[in-house]
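Asks: Protein chains in written order, with my numbering: chain A, 1 to 360; chain B, 1 to 504.
Hints were generated in silico from the structure; no laboratory data involved. A few of these clues could be false.
[As the list claims (entries may be wrong)] A few chain B residues that face chain A, going by a derived Cβ cut-off under 7 Å, partial list only: (1) Met-9; (2) Cys-95; (3) Ala-309; (4) Pro-329; (5) Gly-336; (6) Glu-342; (7) Asp-347; (8) Gly-348; (9) Val-350; (10) Leu-361; (11) Ala-362; (12) Leu-363; (13) Val-365; (14) Pro-372; (15) Ala-376.
[What the hints assert, rightly or not] Each computed DSS-like pair below joins lysine-lysine, with the alpha-carbon atoms no more than 27 Å apart: (16) B:Lys-387 x B:Lys-367; (17) A:Lys-292 x B:Lys-367; (18) A:Lys-145 x B:Lys-345.
Every residue, glycine too, gets a C-beta built ideally from N, C-alpha and C.
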Amino acid sequence: MKEKRSNESFFRRLTRHQLFIPVAALLALVLFNLIADPSFFAISLKENSLGNPVLSGNIISVLDNASELVLLAIGMTLVTASSGGQDISVGATMAIAGSVILRLVCGGQVSADTMQAPLFLAVLAGIVVTMAFGAFNGALVAYFKIQPMVATLIMFTAGRSIAAWINNNQLPFINDVAFKYAGTFLPGIPVPTPVFITLFMILVFWLVLKFTNLGLYTQAVGINANSSRLNGLDPKKIKLLTYVILGACVAIAGFIRVSRSGSINYSRIAENIEMDAILAVALGGNSLGGGKFNVYGSILGAYVIQFLTTTLYKYNVPSTALPAYKAVVVILLVVLSAPVVREKLSRMKKSSAKAAKEVA
Amino acid sequence: MQEGAILEMRGISKFFPGVKALQNVDFTLRAGEIHALMGENGAGKSTLIKCLTGVYPKDEGEIYMAGHDKAVTIRSPQDAQNIGISTVYQEITLCPNLTVAENMYIGRTKGSLANWRKMNQGAGKILRDLGIPAAPNQQLSSCSIAVQQMVAIARAVDMDCKVLILDEPTSSLDEQEVQKLFGLMRDLKAKGVGIIFVTHFLEQVYEVCDRITVLRDGQLVGEYVIEDMPRVLLVSKMLGKDLDDMADIKSESGTAADMSSTPVLEAKDLCSNAGIKPFDFSIHKGEVNGFTGLLGSGRSECVRAIFGADRVTGGSVKMDGKDVKIHKPLDAMKSGIGYLPEDRKGDGIVGDLSVRENIILALQVMKGFFRPFSRAQAEKFADEYIKRLEIKTASSDTPINSLSGGNQQKCIVARWLLTDPKYLILDEPTRGIDIGTKIEIQKLVLQLAAEGKSVTFISSEIDEMLRTCSRLIVMRDRKAVGELSGEDLTQSKIMATIAGGDKQ
Numbered sequence: 001m002k003e004k005r006s007n008e009s010f011f012r013r014l015t016r017h018q019l020f021i022p023v024a025a026l027l028a029l030v031l032f033n034l035i036a037d038p039s040f041f042a043i044s045l046k047e048n049s050l051g052n053p054v055l056s057g058n059i060i061s062v063l064d065n066a067s068e069l070v071l072l073a074i075g076m077t078l079v080t081a082s083s084g085g086q087d088i089s090v091g092a093t094m095a096i097a098g099s100v101i102l103r104l105v106c107g108g109q110v111s112a113d114t115m116q117a118p119l120f121l122a123v124l125a126g127i128v129v130t131m132a133f134g135a136f137n138g139a140l141v142a143y144f145k146i147q148p149m150v151a152t153l154i155m156f157t158a159g160r161s162i163a164a165w166i167n168n169n170q171l172p173f174i175n176d177v178a179f180k181y182a183g184t185f186l187p188g189i190p191v192p193t194p195v196f197i198t199l200f201m202i203l204v205f206w207l208v209l210k211f212t213n214l215g216l217y218t219q220a221v222g223i224n225a226n227s228s229r230l231n232g233l234d235p236k237k238i239k240l241l242t243y244v245i246l247g248a249c250v251a252i253a254g255f256i257r258v259s260r261s262g263s264i265n266y267s268r269i270a271e272n273i274e275m276d277a278i279l280a281v282a283l284g285g286n287s288l289g290g291g292k293f294n295v296y297g298s299i300l301g302a303y304v305i306q307f308l309t310t311t312l313y314k315y316n317v318p319s320t321a322l323p324a325y326k327a328v329v330v331i332l333l334v335v336l337s338a339p340v341v342r343e344k345l346s347r348m349k350k351s352s353a354k355a356a357k358e359v360a
Numbered sequence: 001m002q003e004g005a006i007l008e009m010r011g012i013s014k015f016f017p018g019v020k021a022l023q024n025v026d027f028t029l030r031a032g033e034i035h036a037l038m039g040e041n042g043a044g045k046s047t048l049i050k051c052l053t054g055v056y057p058k059d060e061g062e063i064y065m066a067g068h069d070k071a072v073t074i075r076s077p078q079d080a081q082n083i084g085i086s087t088v089y090q091e092i093t094l095c096p097n098l099t100v101a102e103n104m105y106i107g108r109t110k111g112s113l114a115n116w117r118k119m120n121q122g123a124g125k126i127l128r129d130l131g132i133p134a135a136p137n138q139q140l141s142s143c144s145i146a147v148q149q150m151v152a153i154a155r156a157v158d159m160d161c162k163v164l165i166l167d168e169p170t171s172s173l174d175e176q177e178v179q180k181l182f183g184l185m186r187d188l189k190a191k192g193v194g195i196i197f198v199t200h201f202l203e204q205v206y207e208v209c210d211r212i213t214v215l216r217d218g219q220l221v222g223e224y225v226i227e228d229m230p231r232v233l234l235v236s237k238m239l240g241k242d243l244d245d246m247a248d249i250k251s252e253s254g255t256a257a258d259m260s261s262t263p264v265l266e267a268k269d270l271c272s273n274a275g276i277k278p279f280d281f282s283i284h285k286g287e288v289n290g291f292t293g294l295l296g297s298g299r300s301e302c303v304r305a306i307f308g309a310d311r312v313t314g315g316s317v318k319m320d321g322k323d324v325k326i327h328k329p330l331d332a333m334k335s336g337i338g339y340l341p342e343d344r345k346g347d348g349i350v351g352d353l354s355v356r357e358n359i360i361l362a363l364q365v366m367k368g369f370f371r372p373f374s375r376a377q378a379e380k381f382a383d384e385y386i387k388r389l390e391i392k393t394a395s396s397d398t399p400i401n402s403l404s405g406g407n408q409q410k411c412i413v414a415r416w417l418l419t420d421p422k423y424l425i426l427d428e429p430t431r432g433i434d435i436g437t438k439i440e441i442q443k444l445v446l447q448l449a450a451e452g453k454s455v456t457f458i459s460s461e462i463d464e465m466l467r468t469c470s471r472l473i474v475m476r477d478r479k480a481v482g483e484l485s486g487e488d489l490t491q492s493k494i495m496a497t498i499a500g501g502d503k504q
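Whole structure, please, built from the sequences with the hints as guidance.
Replies: So, in structure tokens, the structure goes:
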């Protein structure tokens with residue numbers, strides 16, 4: 001009997017574990033592709049347009065293309081945890097970051113063949129600008145107590161215009177190979193650079209969460225701001241901080257995005273990415289109402305979303321129909337991860353286990 | 001079913017991972033009786049209520065209701081309501097942003113169209129009948145907590161219930177409101193409603209109840225008729241031990257503070273934006289003092305001003321004779337002050353975080369953002385205090401939410417003890433928790449004083465204050481109106497000072 005109880009609680013613990021849904025979703029996608037067409041997982045060495053040998057295949061494409069989303073999901077998780085709401089302006093501010101970076105590397109010209117400013121400085125400027133916009137959002141949320149979605153609606157609306165204004169409404173284009181290293185491949189390295197940038201950023205966050213109290217403070221503030229204040233925390237500052245951190249994530253995501261092509265389309269760049277970022281947080285088993293969070297869940301969630309997109313492309317789903325397919329999968333995942341359904345499922349497992357025992 | 005019984009619960013068991021919350025508990029409620037359900041925190045009262053109202057599915061046992069041949073199945077609070085079981089919880093479970101009338105009718109209108117005029121009229125009539133000072137079209141959040149509680153009861157009463165469960169309804173009511181509620185309970189009793197009354201206040205049990213069922217550690221201790229059950233016996237049944245402990249407390253408090261030394265904390269003309277009149281206050285090493293007064297008299301606001309929890313608007317504070325500036329809680333903490341707030345749920349615990357994280361929180365914040373405790377260190381701290389304060393929890397990893405009220409409170413006490421404060425403020429540390437824990441906390445206060453710490457203790461229960469404090473500051477209408485110590489510390493003298501008259 002005792003053995004059996006621990007068995008049951010193992011099942012329950014498994015199904016209730018925060019990472020159960022994203023891991024299960026990922027496994028389901030892998031399984032589907034394995035059965036439908038194992039060649040999905042094939043990875044080959046090809047030559048790219050510059051004549052470098054690079055790895056190519058669906059898995060590589062998932063890891064590569066998910067990069068921006070992963071970065072946004074990390075920042076979005078913190079914002080969600082501290083303020084119980086989401087920043088819907090991340091796509092628009094990505095456009096701003098990209099625009100700032102291109103303006104600097106093109107030196108204000110419409111097109112440039114070589115970088116007019118050190119890349120490092122350009123990216124740093126992009127980071128500073130989007131962190132400032134993050135601070136603006138964060139201040140509205142923390143100090144003016146405006147609901148996050150409403151507060152960030154301002155930048156959601158204005159961001160792409162600001163991005164266009166930064167470059168005098170022109171579409172700058174840079175043809176310098178070195179600029180595209182970050183968005184494509186470094187010479188001699190067959191794995192796309194965004195994969196490394198993302199891994200590096202995940203490592204940075206792992207270190208930050210380990211060696212600072214960012215996690216504890218953010219969660220405490222998100223769960224109970226009153227009580228956090230009486231324990232010496234400043235909930236407003238911490239909320240502001242999370243928005244600023246998201247700003248930094250946005251800048252790096254924006255940099256990767258413009259670095260892929262060397263150009264920018266203000267109205268289309270990173271369109272609707274905010275919704276995917278929020279979805280990644282939810283898929284990771286995090287409550288969108290804030291409080292406790294698991295940033296690795298969100299990261300996994302981001303990869304699941306990209307995996308799904310790539311799978312659908314593979315089966316020639318037209319890009320216009322893509323959102324509909326995605327929606328179906330999202331409905332399934334979200335319903336499955338709802339506490340009510342999980343409770344029902346674990347009870348079903350329990351009673352079937354009981355029935356099996358009775359038969360035996 | 002027994003003769004006259006309206007509700008019978010037989011062999012109810014409920015298991016949570018690692019905990020047997022209820023084991024084979026029987027409970028019988030007769031029509032037209034008020035039945036107290038008593039026990040320490042963690043005894044299983046709330047769990048039994050939640051099994052009855054469908055909040056939790058029960059794991060074993062059966063529930064019978066009068067008028068149903070077979071055992072009834074209750075899967076949700078809605079089911080419970082439909083068969084005539086209504087509940088009013090300790091915490092308000094209504095919607096603060098709706099009107100009083102909407103709250104009374106929400107979820108009960110047939111079809112999707114609501115007749116607002118009729119609803120407001122109906123609500124107005126019930127409110128008038130019960131003498132509740134609220135208008136039907138008033139937004140609920142604009143009512144006092146006490147009135148919100150009464151609206152919840154009005155809602156339950158109007159649903160024509162056979163069984164009414166009142167889960168700690170009186171903990172946020174003042175004496176007058178309690179009497180009004182008791183009047184209402186007696187009316188309902190006369191109409192044949194069976195009332196289950198969960199409370200920690202012994203006085204109230206003996207005032208209105210007919211029978212008592214006592215639970216301890218998830219098991220049934222027994223059911224008793226109130227006349228056959230002297231108070232002392234009831235308390236010992238609940239605690240499962242003899243009462244020598246209670247008598248001991250007073251004799252231990254022999255340690256007198258050195259009142260001639262420099263005060264640990266001295267405040268002059270302190271006032272805050274919470275609307276208290278400027279007050280003076282001091283406390284010495286090893287002293288236990290307290291603020292007393294009616295609800296809303298400004299007791300809590302005084303200590304909040306000292307801790308910097310409200311915005312301080314004037315006055316000066318000295319610690320050990322040196323001026324200190326306390327603008328925010330962190331300043332106070334760094335000066336060696338700890339503060340356990342009155343509202344445990346709203347200001348004390350951080351709900352979803354673990355017991356461990358809750359215990360280390362204050363010390364961690366003092367240590368700084370870039371210097372987190374290692375997991376091992378945090379666990380060591382938490383385990384030490386779980387042991388020292390006998391906190392009942394499955395592990396230090398358990399979310400504090402899932403602990404009983406008394407154990408949550410102990411975690412908050414642990415949080416502040418861990419910061420090793422010179423001066424500890426405990427605002428209503430014993431509200432809504434069981435007698436056993438109350439005594440433990442009182443003992444702890446005296447023990448801390450003996451160790452040389454200074455403690456300010458606030459409680460609504462005067463005998464508790466008498467047992468622990470050597471000096472009391474009496475508050476009335478947000479103003480300090482008197483100070484009592486030594487031989488003046490008697491129940492009647494305190495009452496007289498609270499009531500005032502300004503003649504002397």
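Asks: Confirm or reject each hint.
Replies: Evaluated hints:
For Met-9 (chain B), the shortest C-beta to C-beta distance to chain A is roughly 22 Å, which exceeds 7 Å, and the interface hint is violated. Interface restraint check: Cys-95 (chain B) against chain A, minimum CB-CB distance 17 Å, threshold 7 Å, status violated. Annotation: interface hint on Ala-309 (chain B) holds; nearest CB of chain A at approximately 6 Å, less than 7 Å. Of the supplied interface hints, the one on Pro-329 (chain B) holds, with its beta-carbon coming within about 5 Å of a beta-carbon of chain A, less than 7 Å.
Because the beta carbon of Gly-336 (chain B) sits about 13 Å from the nearest beta carbon in chain A, more than 7 Å, this interface hint is broken. Because the closest C-beta pair between Glu-342 (chain B) and chain A is about 11 Å apart, greater than 7 Å, the hint is violated. Of the supplied interface hints, the one on Asp-347 (chain B) holds, with its beta-carbon coming within about 5 Å of a beta-carbon of chain A, less than 7 Å. At a threshold of 7 Å, the smallest CB-CB gap from Gly-348 (chain B) to chain A is about 6 Å, leaving the interface hint in force.
With its C-beta approaching chain A no nearer than about 5 Å, Val-350 (chain B) sits inside the 7 Å limit, and its interface hint holds. Interface restraint check for Leu-361 (chain B): the shortest CB-CB distance to chain A comes to about 5 Å, inside 7 Å, so the restraint holds. The beta carbon of Ala-362 (chain B) is positioned within 7 Å of a beta carbon in chain A (closest approach about 5 Å), and the interface hint is therefore held. Violation of the interface hint for Leu-363 (chain B) is found here, the shortest Cβ-Cβ separation to chain A being roughly 9 Å, above the 7 Å cut-off.
Hint status for Val-365 (chain B): holds, given a least beta-carbon distance of 4 Å to chain A, under 7 Å. Because the smallest distance between the Cβ of Pro-372 (chain B) and any Cβ of chain A comes to about 5 Å, under 7 Å, the interface hint for this residue holds. Interface hint status for Ala-376 (chain B): violated, as the beta-carbon distance to the closest one in chain A is roughly 14 Å, over 7 Å. At roughly 24 Å between alpha-carbon atoms, Lys-387 (chain B) and Lys-367 (chain B) fall within 27 Å of each other, so this suggested pair holds.
Taking the CA atoms of Lys-292 (chain A) and Lys-367 (chain B), the gap is near 22 Å; set against the 27 Å cutoff, the hint holds. A C-alpha spacing of about 22 Å is found between Lys-145 (chain A) and Lys-345 (chain B), which places the hinted pair at or below 27 Å, so the restraint holds.
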